[in-house]
Amino acid sequence: MYFRLFPSNTDPVYTYTCLGAFLGSLGIYEVFSPWISRRLTSCYERLPRAQQVEWNNKITATINDVLCTVFTMYALFFDDKLRYDDLRSDSHWCKLAGAIILGYFTADILEMFCRPKIKWDTAMFLHHLAAAVMAYVSLFWYNFAQFYGNIMIMMEASSPFLNIRNLLLLAGWSKSSRPYTFVSASFVITFFIFRVAIIPPFWVAAIDQMRVNPDIHAPEFRVGRDVGILTAVVLNVLNVYWFTLIWAKTKKKLFPVKLKE
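In terms of full-length UniProt numbering, the sequence shown opens at residue 1 and continues consecutively.
Think of the hints as simulated: they come from the structure by calculation, not from any bench.
Any given hint could be a false lead.
[Stated by the list, open to error] Pairs of lysine-lysine, BS3-like flavour, derived with a Cα cap of 25 Å:
#1 Lys117 - Lys58
#2 Lys58 - Lys175
#3 Lys175 - Lys252
#4 Lys249 - Lys58
#5 Lys119 - Lys249
#6 Lys253 - Lys175
#7 Lys251 - Lys175
#8 Lys249 - Lys175
#9 Lys175 - Lys119
#10 Lys119 - Lys58
Please put together the full structure from these sequences, using the hints given.
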């Protein structure tokens, strides 16, 4: 017997992975990141408490995002069990990424509630909640269309660049420095590719499956299908909203408006 987060027929490794990601995220956030940061750089100790919290958050997020990106990329390109036209796909690597992101986002939501004056961000809360619900319901309880869930998790590929960019600022690097400029450009490019450009082909493939694949109408998939569609819409809307803000700032930097003499 062991503690179960998922249905009884689910491999216990995913329960352990999810719990490990949850506890590991809290451990990195509260213990490891402050401990290692004080020993590797003197700037951490000089930061205000709110910025130390942000620093620890970015370290934790980067580790989880890199793991999820590696697993989802591997599943997409090398896992034969993951197919866009097979709604009953069962990919070990996709489920590992789903378990990690579920554990990490749950830990980060907990941190938001524990430090609302420092960490609360309504848009980020909705993002975390939608992704966590999608992973929990669609990937594990109803095992529905893992290919599309894998694509949604793979959107986190841009997040490490955002986290590193924020860490550079907190460490004292200027916005005109080469490392900051390189990481910022990488963030904008990967955000567009993985979070925005992917939206049209994602929905073209999904709608095509709704039209031609009879499995999508199976009663066993109804909840997983409805939750998957709803959370995908929420995540897509948030990503488009964020990209409009990102592009507005990027455009100002690339094409500065000259002041009239």
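Does Lys119 sit within 25 Å of Lys175, going by the straight-line distance between their CA atoms? holds, 23 Å
Holds or violated: Lys119 with Lys249, Cα cutoff 25 Å? The given pair, whose Cα atoms are some 22 Å apart, holds under the 25 Å limit.
Is Lys58 within 25 Å of Lys175, Cα to Cα? At roughly 18 Å apart (the allowed maximum being 25 Å), Lys175 and Lys58 satisfy the hint.
Pairwise hint evaluation, Lys58 against Lys119, where the allowed Cα distance is 25 Å at most: holds, 12 Å
25 Å Cα cutoff - pair Lys175, Lys252: holds, 14 Å
Pair hint Lys249 and Lys58, alpha-carbon separation not exceeding 25 Å: Judged against 25 Å, a Cα distance of about 21 Å means the pair holds.
Quickly compare the C-alpha distance for Lys117 and Lys58 to 25 Å and report which way the hint goes. This hinted pair holds, its Cα atoms lying about 17 Å apart.
Straight-line Cα separation of Lys253 and Lys175 no greater than 25 Å? Holds: Lys253 and Lys175 sit about 11 Å apart, inside 25 Å.
Take a quick look at whether Lys249 and Lys175 sit within 25 Å of each other, Cα to Cα. Given pair Lys249, Lys175 holds - Cα atoms ~13 Å apart, limit 25 Å.
Holds or violated: Lys251 with Lys175, Cα cutoff 25 Å? Judged against 25 Å, a Cα distance of about 15 Å means the pair holds.
The structure is consistent with each of the numbered hints, conforming to all of them.
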